[in-house]
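Q: Please construct the entire structure, taking both the sequences and the accompanying hints into account.
Chains as they are written, first to last, in this note's numbering: chain W, 1 to 325; chain A, 1 to 325.
For the record, the hints were derived by calculation from the structure and aren't laboratory data.
Fair warning: this is a prediction, and the values are worked out from it, not measured in the lab.
Quick list of in silico lysine-lysine cross-link-like pairs, DSSO-like style, CA-CA up to 27 Å: (1) W/50 - W/22; (2) A/318 - W/97; (3) W/315 - A/299.
There are 2 protein chains.
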Amino acid sequence: MVKIGILGYGNLGRGVEAAVKKNSDMELVAVYTRRDPKSLSIKTDTAAVKSTAELDTGKEDIDVLIICGGSATDLPEMTPKYAAMYNVIDSFDTHAKIPQHFANVDKASREAGKVGIISCGWDPGMFSLNRVYAESVLPDGEAYTFWGKGVSQGHSDAVRRIDGVKDCRQYTIPVPAALDRVRNGENPELTTREKHTRECFVTAEEGADLERIENEIKTMPNYFSDYDTTVNFITEEEMKRDHSGLPHGGSVIYSGTSSDGTKHVIEYSLKLDSNPEFTGSVLVAYARAAFRLYSEGVKGAKTVLDIAPAYLSAKSGKELRAHCL
Amino acid sequence: MVKIGILGYGNLGRGVEAAVKKNSDMELVAVYTRRDPKSLSIKTDTAAVKSTAELDTGKEDIDVLIICGGSATDLPEMTPKYAAMYNVIDSFDTHAKIPQHFANVDKASREAGKVGIISCGWDPGMFSLNRVYAESVLPDGEAYTFWGKGVSQGHSDAVRRIDGVKDCRQYTIPVPAALDRVRNGENPELTTREKHTRECFVTAEEGADLERIENEIKTMPNYFSDYDTTVNFITEEEMKRDHSGLPHGGSVIYSGTSSDGTKHVIEYSLKLDSNPEFTGSVLVAYARAAFRLYSEGVKGAKTVLDIAPAYLSAKSGKELRAHCL
Numbered sequence: 001m002v003k004i005g006i007l008g009y010g011n012l013g014r015g016v017e018a019a020v021k022k023n024s025d026m027e028l029v030a031v032y033t034r035r036d037p038k039s040l041s042i043k044t045d046t047a048a049v050k051s052t053a054e055l056d057t058g059k060e061d062i063d064v065l066i067i068c069g070g071s072a073t074d075l076p077e078m079t080p081k082y083a084a085m086y087n088v089i090d091s092f093d094t095h096a097k098i099p100q101h102f103a104n105v106d107k108a109s110r111e112a113g114k115v116g117i118i119s120c121g122w123d124p125g126m127f128s129l130n131r132v133y134a135e136s137v138l139p140d141g142e143a144y145t146f147w148g149k150g151v152s153q154g155h156s157d158a159v160r161r162i163d164g165v166k167d168c169r170q171y172t173i174p175v176p177a178a179l180d181r182v183r184n185g186e187n188p189e190l191t192t193r194e195k196h197t198r199e200c201f202v203t204a205e206e207g208a209d210l211e212r213i214e215n216e217i218k219t220m221p222n223y224f225s226d227y228d229t230t231v232n233f234i235t236e237e238e239m240k241r242d243h244s245g246l247p248h249g250g251s252v253i254y255s256g257t258s259s260d261g262t263k264h265v266i267e268y269s270l271k272l273d274s275n276p277e278f279t280g281s282v283l284v285a286y287a288r289a290a291f292r293l294y295s296e297g298v299k300g301a302k303t304v305l306d307i308a309p310a311y312l313s314a315k316s317g318k319e320l321r322a323h324c325l
Numbered sequence: 001m002v003k004i005g006i007l008g009y010g011n012l013g014r015g016v017e018a019a020v021k022k023n024s025d026m027e028l029v030a031v032y033t034r035r036d037p038k039s040l041s042i043k044t045d046t047a048a049v050k051s052t053a054e055l056d057t058g059k060e061d062i063d064v065l066i067i068c069g070g071s072a073t074d075l076p077e078m079t080p081k082y083a084a085m086y087n088v089i090d091s092f093d094t095h096a097k098i099p100q101h102f103a104n105v106d107k108a109s110r111e112a113g114k115v116g117i118i119s120c121g122w123d124p125g126m127f128s129l130n131r132v133y134a135e136s137v138l139p140d141g142e143a144y145t146f147w148g149k150g151v152s153q154g155h156s157d158a159v160r161r162i163d164g165v166k167d168c169r170q171y172t173i174p175v176p177a178a179l180d181r182v183r184n185g186e187n188p189e190l191t192t193r194e195k196h197t198r199e200c201f202v203t204a205e206e207g208a209d210l211e212r213i214e215n216e217i218k219t220m221p222n223y224f225s226d227y228d229t230t231v232n233f234i235t236e237e238e239m240k241r242d243h244s245g246l247p248h249g250g251s252v253i254y255s256g257t258s259s260d261g262t263k264h265v266i267e268y269s270l271k272l273d274s275n276p277e278f279t280g281s282v283l284v285a286y287a288r289a290a291f292r293l294y295s296e297g298v299k300g301a302k303t304v305l306d307i308a309p310a311y312l313s314a315k316s317g318k319e320l321r322a323h324c325l
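A: Okay, here's the thing in structure tokens:
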């Protein structure tokens with residue numbers, strides 16, 4: 001059994017807990033929290049709830065620590081810190097800062113003789129794998145990534161910060177015409193606006209100026225101004241009834257040629273009922289890989305690109321060759 | 001530069017040749033043939049055409065030999081034979097016999113201190129990767145593989161052997177209703193007949209009994225009797241005009257749950273203008289991996305499941321992390 005610790009018990013931490021239950025070779029040993037452990041009620045009877053202070057001793061009896069924090073401020077600090085004590089996994093997803101994060105985790109885990117796998121999830125993660133496989137097989141081609149339809153938590157949060165907004169759910173939606181052109185192998189050049197639209201469901205405070213809110217959303221730089229955005233005002237009941245889930249998904253579509261006029265289109269797509277549960281499931285599969293690599297004496301930071309697929313599977317190489325190849 | 005040799009110059013060998021041209025870190029050194037080398041005209045000016053007898057000396061100056069033979073009789077003999085002399089790659093695709101083939105190649109390449117990667121292509125190959133990634137992330141689920149729309153060369157050949165048939169092109173076609181049910185996450189049980197239909201385009205000899213031919217096709221055991229099959233008789237001109245390519249493709253669709261009622265659907269699909277050129281492109285990417293593994297001192301047989309994606313890419317780990325992750 002691979003002994004798993006979870007650091008952080010938000011949506012992602014709960015997703016990891018659910019995923020561990022689906023893997024019979026893994027057990028959740030403890031959830032570590034910065035909150036008062038007594039305030040936390042988890043769904044695994046056999047696991048403990050502990051303070052992060054206990055983790056900080058470096059002496060917890062876990063094989064892999066799955067760090068479920070945010071990429072903005074939590075992970076850049078937490079992952080290198082704990083990589084110096086445990087095998088660790090995270091879902092760091094600020095693409096531009098991955099090289100720096102990798103270097104920090106690599107240094108810590110290498111010195112500790114541990115394995116640290118960063119940026120596991122679906123993008124970065126499963127989408128990255130598919131971009132690299134496709135481009136390696138067909139170097140003469142172009143990769144397109146579409147996200148959605150799904151809830152962007154970053155965009156929902158940005159709207160919630162607007163004066164007069166009580167709650168928001170923002171959906172990112174690929175533009176069907178753009179998807180069609182890419183699937184047809186046209187290799188089009190697409191602007192940001194041509195690739196995705198954004199749709200906001202907003203609950204406003206009583207008496208708030210809805211026109212002003214709508215305008216503030218649509219003109220918000222970085223988040224909305226480069227997109228065609230639709231804003232729908234709904235009641236709290238409607239929000240709860242129709243928008244309580246965190247579905248997401250998307251597609252990596254790669255179109256390339258192997259010789260003049262001979263085209264191939266490769267598409268990888270995800271339709272996820274729950275973004276955090278799927279991300280948690282990816283983290284758990286890579287926790288298995290981290291444990292195995294560590295057992296073989298491997299040290300340092302890795303990404304999904306550095307890990308052979310067989311390491312993720314509970315099946316042996318022999319079983320995989322006989323049944324899955 | 002990785003020096004490539006190609007053994008066999010049929011459709012697949014020509015596909016590998018085209019793929020090598022698309023990879024600037026690789027060069028085709030020689031094509032080896034069982035035919036008279038003088039009878040062969042290839043598309044790479046800088047490469048030699050040689051007899052397999054020269055290959056048999058074990059002294060050819062190549063880094064990786066890509067063996068482009070058939071799975072029925074060529075590869076079970078050729079791949080272990082040449083694995084004892086060179087790093088080798090093949091596209092062995094008789095799923096049931098992979099364990100035996102793996103064992104044979106492993107023994108030969110291990111003793112020789114070389115690397116042999118078997119069963120590279122799209123199924124086995126890219127489809128296998130996607131089955132294993134999906135199942136590892138969501139162990140509680142079901143994988144469905146659909147092939148087509150595309151030309152099955154085995155089925156086309158089977159029809160050509162019928163008395164009175166001059167030529168045939170057989171298309172395998174997934175049943176849209178089955179695809180829809182799987183994409184909806186219904187996890188249906190599907191019979192062979194419910195998953196695929198078969199469509200034959202046949203050129204018959206003058207005066208042949210078309211009714212008998214159609215009946216012989218539709219009732220042929222293993223190949224057609226378990227399927228709904230359509231037979232169309234066409235002229236030689238129509239065959240040449242409309243059916244000269246070897247397109248193929250298909251989908252691996254995996255549907256699984258991460259907790260009660262929370263479903264996810266993962267789909268990987270290929271639309272290929274040319275089956276042999278795409279398969280050749282996969283073989284070439286894995287030739288790069290074989291060369292790198294060999295350079296690191298790795299020995300023995302491998303499959304696509306044993307190889308980290310980064311080994312396939314011409315980019316460095318640093319470039320991949322910065323641009324593709």
